[in-house]
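Engineer: Just so you know, the protein sequences line up as chains A, B, C and D, in that order. Residue numbers for the first sequence follow UniProt numbering, beginning at 1 and rising by one. Residue numbers for the second sequence follow UniProt numbering, beginning at 1 and rising by one. Residue numbers for the third sequence follow UniProt numbering, beginning at 1 and rising by one. Residue numbers for the fourth sequence follow UniProt numbering, beginning at 1 and rising by one.
The hints are simulated quantities; they were obtained by calculation from the structure and are not laboratory data. Please note: incorrect hints may appear among the correct ones.
[Stated by the list, open to error] Quick look at which bits of chain B chain C covers, simulated, 3 or more residues with Cβ under 8 Å:
1. 107-115
2. 159-170
3. 253-260
[Unchecked claim] Quick look at which bits of chain D chain C covers, simulated, 3 or more residues with Cβ under 8 Å:
4. 44-51
5. 165-178
6. 280-290
7. 421-427
In this text, a Cβ means the ideal position worked out from N, Cα and C, and glycines have one as well.
Each chain is listed here by its residues.
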Amino acid sequence: MGSYIPSTPEEQKEMLSAAGFDSFNGLFSQIPESVRLSRLLDLPQGLSELEVRRKMTAIASENKVFPTVFRGAGAYRHYIPAAVTRITANETFLTAYTPYQAEISQGILQSIFEYQTMICELTGMEVSNASVYDGANAAAEAAAMCRDRGRTTVYVSAASHPDTIRTIRTYAFGADTQVCLVPEKDGATDASALKDLLEQDKTAACFFLQQPNYFGTIEDAAALGEIAHAAGAKFIMGCNPISLAVLKTPAECGADVAVGEGQPFGMPLGFGGPYLGFMACKKAMMRRLPGRIVGQTSDDAGNRAFVLTLQAREQHIRREKALSNICSNEALCALTASVYLSTMGPDGLRAAAEQCYSKAHYAAKKIGAVKGFELKNQTEFFHEFVTACPNVQKTLELLERHGILGGLPLPDGGLLWCVTECNFKEEIDRLAELLEEAEQE
Amino acid sequence: MGSYIPSTPEEQKEMLSAAGFDSFNGLFSQIPESVRLSRLLDLPQGLSELEVRRKMTAIASENKVFPTVFRGAGAYRHYIPAAVTRITANETFLTAYTPYQAEISQGILQSIFEYQTMICELTGMEVSNASVYDGANAAAEAAAMCRDRGRTTVYVSAASHPDTIRTIRTYAFGADTQVCLVPEKDGATDASALKDLLEQDKTAACFFLQQPNYFGTIEDAAALGEIAHAAGAKFIMGCNPISLAVLKTPAECGADVAVGEGQPFGMPLGFGGPYLGFMACKKAMMRRLPGRIVGQTSDDAGNRAFVLTLQAREQHIRREKALSNICSNEALCALTASVYLSTMGPDGLRAAAEQCYSKAHYAAKKIGAVKGFELKNQTEFFHEFVTACPNVQKTLELLERHGILGGLPLPDGGLLWCVTECNFKEEIDRLAELLEEAEQE
Amino acid sequence: MNLIFEESRAGRGCTILPACDVPETALPQQFARKAPLRLPQLSENDLSRHYSALAKRSFGVNDGFYPLGSCTMKYNPKINEEMAALPGFTEIHPLQPAHTAQGCLKVLHLAEKFLCEITGMDEMVFQPAAGAHGEYTGLLLIKAWHHSRGDQKRTKIIVPDSAHGTNPASAAMAGYTIVNIPSGPDGCVDLEALKKAVGDDTAGLMLTNPNTLGLFDKNILQITQIVHEAGGLCFYDGANLNAVVGVARPGDMGFDVIHLNLHKTFSTPHGGGGPGGAAVGCKSSLAPFLPVPRVAEHDGKFYLDDNRPQSIGSVKSFYGNFLVIVRALTYLLTLGKEGVPQVAENAVLNANYLMALLKKRYQVAYDVPCMHEFVLSLQDLKDSCGVTAMDVAKSMQDLEMHPPTMYFPLIVHEALMIEPTETESKETLDRAAEALLELYEKALANPEAMHRAPERRVIGRPDEVEAARHPVVKYEYDS
Amino acid sequence: MNLIFEESRAGRGCTILPACDVPETALPQQFARKAPLRLPQLSENDLSRHYSALAKRSFGVNDGFYPLGSCTMKYNPKINEEMAALPGFTEIHPLQPAHTAQGCLKVLHLAEKFLCEITGMDEMVFQPAAGAHGEYTGLLLIKAWHHSRGDQKRTKIIVPDSAHGTNPASAAMAGYTIVNIPSGPDGCVDLEALKKAVGDDTAGLMLTNPNTLGLFDKNILQITQIVHEAGGLCFYDGANLNAVVGVARPGDMGFDVIHLNLHKTFSTPHGGGGPGGAAVGCKSSLAPFLPVPRVAEHDGKFYLDDNRPQSIGSVKSFYGNFLVIVRALTYLLTLGKEGVPQVAENAVLNANYLMALLKKRYQVAYDVPCMHEFVLSLQDLKDSCGVTAMDVAKSMQDLEMHPPTMYFPLIVHEALMIEPTETESKETLDRAAEALLELYEKALANPEAMHRAPERRVIGRPDEVEAARHPVVKYEYDS
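Same shape as in the complex, but just chain A:
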């Protein structure tokens, strides 16, 4: 049995006695007998480290690692530089708590300040928080930021990630407010439907648009944002972070709040987490932004100093009047994103985005040329796109046998493909060959 307790039974005895107890039993005398567990837990016997490693490694090997991945849909395989993995493994970064004690935590505070700056630079926004749980949660929190008196209804593009829509709905259930889906048409958000819906509704708090959307389409965000603003609603954009290197910024599209799933910035797929929700907004909404924010100030001697600031927004000060309950966030993931962005630099990040774009377009051409795998939409896209598929199960099984995780099956029978800078040309060519094969079978 493993244990991380330093004290030996003799020391425990000595300490018990020094604290005025004669047994462990006495220590727990506050707990009524009726709720004391009178048996050992029904858990397995504890294991030595060697056995634990063996067991966990065996469990991990029950998963299949696909050498080639053409699936995204909210979780993306991008290249993770060695510097990112190694730097973020630093034990101090790993084991510190939230930097409440500023003097002893300047390093972590500065790293968050740097992260906030990078998120602002990418989105064009003026204020970023220190992170929330993930992209879907960031969208839900952003919607909450935009609620104001009578304006409580959240409009969400139906071309958003299903998990994001579902999360926004769940949060609306909590807040006793309404969510209204704005229909998607031919792979893009239906602008005229949005206009019609908003015109009839004075309770509209905001409109959430995913860019590029779930189907990969680059939306005409500025135009959609204008429709929202014209109706008195705020405009929230949920952005793929890699695409921010090349696409119009949320600020350029007129967004009030920019959020997104930061996983592509150096976090592994990890079966869905931990990921990173980033959130940034215009200065006007700063005091409605949830979560930690680090600010710059100085100490008595005039040294630059960083602190958690604007804490009056937060639950530990404001309790039930806080705009959000968030306490722990995804700080180490935010650090990961900072290290990733600093390692890639502007040229590297732009190259990643451009390669995603070029490779996805190359792949779309190759796949789309296979009979039965025609592109479903004629829209402009970034690094994801939808094709038809004559036989989804057969196709994906064939690809799996060749170590390829194919596109995600959609309810309508199509496949949602994703291509990143990690997919080499030879992989794309091979994919197209295999699809030909699947089609001919």
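Chain A is fixed; fit chains B, C and D onto it per the hints.
Structural biologist: Same frame as chain A, but now just chains B, C and D:
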């Protein structure tokens, strides 16, 4: 192409000019044109990190990792605790140089002092150095320590690791001295042959004995040592470090110098290196010990301080009069050994040794019971032993197909098996079954 | 030290990606970003040094004693990190077909099974990413349960005044009105106040037990009974589970819903503020409302079940902070049935031992045996020499210890909340006590020096008022 | 801080191994250890903190500028570490059959091919574990070559007085007598002295080029010719290859044998003193003598060739510090044909740039353009105010820089030997120059303060005389 050069071409220009040059060419004006390379090297194009990772990973995958290993013969698969890998990955430990500057290097100096202490505790010796290259090199260096005036011939048990014998021979070629092999008989060093040889030779400097020897046998070291001493020769023991937890210490066997291959203390197999040569001796020989030695002293304020000491032995002071040329050693491997020993503790190290012993004896019984695989020697052994084998190639191929690295083929047709705490009973039982199968085919 | 932007020089960088190996396609101009892409440009050497320097200006559990009350800063085992880094976990896409992700699903299944046994719950999910997220999820279960019974009038959640701020905040986010009830003189729930507070508008009670004073509420069964009898449900805030893990189970105390902080009780690291990992468990009556997707088993194979019509939906994408759950499972497999209760035993022992040492000088807020943590009140010290809890905390920074939680819970004046955790040795506690007792003497002898602390950190006390008044929340580029 | 033994408490520890799963067999008493097995006993938390504290009391390249002359403390890329940690390399037994270790053999093959091209050698091995080990191996090749020609009378190796101490020490170990030749007034080999030194007893010459003064010997072709004409061979000490890599090749300078330090020029980390990694290369005439086993290729498959009857044998077990070679190969693949010469260019540029800045105040030992490093002489400063090279070096420690190499080479008085390497940025050099120039002024203004340095480290200057006079080389247990 990857590069780790920070300066941009513009900065380089500026710096060239500040240093009084107008081109890189000018920088190299000291180098005669006739030896300047007038072409690019015939190397591949440099690669980005992504490509390098891909290429090196592909090369690594051309190796076969055996899930089960029953081969030792100088390189052993023991369990490496997570703490060892993680702690020694600390960047400061990794990237520092030899701690010449004591004040800024107290941590590394202290870690070496602690390592020296642990090696002394394990061997029973009084002084340890900070490490040499590996076990074979330690043996050769120990032999050099023992040379004294007319006494220059090194006696080496033929039951030592072939690489150790070969290395001692090579060093003797350097020193223009002789090496004499002491024959092995039935798996152990032939004591009477040793006696005969030494009695006739007044040039005997030392006798080197491996414990347990190459064939796994626990030698009667004290008796052999006495023979050496009686002839006026020094007695060097080359010890398996795990076995030191349970076997008589070199000090208890009367050795003057104890050396060994420290790889089992937390270093991976790594296709042969980096490993760790440990060396310890009696105080009387301290000033003949090669390599770094850390000593304790104090600073002006009376603080405990650690320094590289007894440097008058070393090449950078003594130049051609130094006893050894060693400069870089295996410091990070010595740190690895310290962390390993501290993580295992006395109970853990003893358990590792006892399990090696018990499991090897269990395996010897199981294997030895298979027809054709009888044990070759009747000697006491630690965690290695030799069996016969009816068809070496067929047997090893069968095992390989089942993910098992079998015993090492010996020139005489036997197999040298090794069993450690990492081999589970089920693996041993499966091995015996497969050998039955091999035999029946 | 410099900000990374101040270290940046145009044209520097690392070479991470190869050239594009397919024909390049240009993004149409109308979609293209106009703003310059300003990100740091550093060589890898300078990058590496920058983050080394930041780490050195921070303090983690590896750097020393970290008795931050309520945060359970226990040791984070290294084997957990190694297991969470296995490519067989890190490289798995969350939307891989289930038959290719059986290992991941087994991790979730085993973690659920073990933690249900530990807490006395029937089902458990891991989708919430942190403690407060778990509270919120639990409250939505309560809300969904009442609604499913056609009971929409229960709009109030009762929260004791000693609760963490997240409790009322989570309840408010779930659409509830908060009824704060004062603690009794013993620091526990005032039964009479509770009885007065409950009614047919009571949706439920949120309770941390042991509470933030480190006290186990001896009336816990009456408390949950009162709430149940009023038609409410009881939510257990697992923040302090470390005190009772393996010794008492929330399920046996009458709780209907719970959340756990994997990064407290189950040893996963805090990461400078996250990622945490939460588990939300409930009795079977509430299980239909749990977030989707759920891990299910059929014929020995695991799959993800999305078909839960009564579910509250999702509170984030996918299945939670999976790699955090890998760490927690590794820890549970290590400890096993005997190891788990020893955690609680030694956590409570360490707290009582340290409290006994400090009581020689300091005033304990509630002078009774504590559970895993205890609260000092420095009001007397402040009155006598002007030295505050803040001053003592800041002085501790100079002694290579992380300060305790300050000024919480709110009901104790000049509070210092100390939680040593079970992974600290007797010597560490002895040294900490000695240091704190010396600080007490120093406070009396030289209060001015205490106001100046810390003096050996990279900055002195920062001007927080200025930070909030004139927020500077990002680096401003020159141009 | 405490020694780990002082932190140890009987009965503590980590739980690493399971119980034995086979019947236990007891070791016969006559073989059993009598001495108690005293090793540290700590919880994993305390263990982890101990080593964190040790790391914080040390200084690596990640901690700041490290201009330690002659040691080439360049940045150690993180991708190298990741590749050396791949289980496909770390888990391979050195005695696996060759068909199961093709990847490892390919690493050795590629590294040999690339490094032969870089140095102009015909064959190369990696068995030696460090630079001095490589020197020794190279000298044995020279010895074996002479012996193979029946020439036993060549017993002398010529070494310039500016050489590293390892050169004469290695030659002595190889059984040679050392002939030291003084440097000329230009710091280079004095051709006349060399001519006088060679003869029919000359086995060879060992030369570092550029030498330890950072000067490239412009007469290099004459030097190697003089030795060759006398019947000797020329050994190139690769310690300073970083200055000329991709720009000039030892093979083209007339050298017959070389060694390389992978941990200098090829970016593998120094590990606090090792493991290093050495390569020994030679012209084909010497190749039959190289250590065994050698990597060979047949039908596209690699194998290990032990059948080299003229080989000097082995200088250690197996094939060298393999995982170090993995790092070096990763580096070479990253840099490629264009990247390699840029290393030399920028290393030499950085040295000349820094030298130019320092020349404003400091005296350069040889005031000519340098290669990758240069040597200051502080004799004038010492004469004027009593501040020594040691004082300046120790003062640098307080400025978060590692000091340069002190008092070497021996032919320069009060020497400080500065090697910035190519991976430092202009700002780092500017800051270092500024700091050193300020120290110069401080030395003149307040020499006493310089004698007291360092003042901001965990200890002041230790008493080295006492350490050597009364050696305490291990912890003494009480009992």
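Engineer: Does each hint fit the structure? Answer for all of them.
Structural biologist: Right, here's what the structure says about each hint:
Counting residues of the stretch 107-115 of chain B whose C-beta lies closer than 8 Å to any C-beta of chain C gives 0; at least three are required, and the coverage claim is violated. Figure legend: the stretch 159-170 of chain B, annotated as covered by chain C; annotation inconsistent (0 residues with Cβ-Cβ distances under 8 Å, at least 3 required). Using a Cβ-Cβ cut-off of 8 Å, 0 residues of the stretch 253-260 of chain B lie near chain C, which falls short of the minimum of three, so the contact claim is violated. With a threshold of 8 Å between beta carbons, the proposed coverage of the stretch 44-51 of chain D by chain C holds, since 5 of its residues qualify and at least three are required.
Residues of the stretch 165-178 of chain D lying with their CB closer than 8 Å to a CB of chain C number 0, which falls below the three-residue condition for coverage. Given a C-beta distance limit of less than 8 Å, the hint that chain C covers the stretch 280-290 of chain D is violated, as 0 residues qualify and 3 are needed. Here the stretch 421-427 of chain D counts 4 residues with a CB under 8 Å from a CB of chain C, which clears the bar of 3, and the coverage holds.
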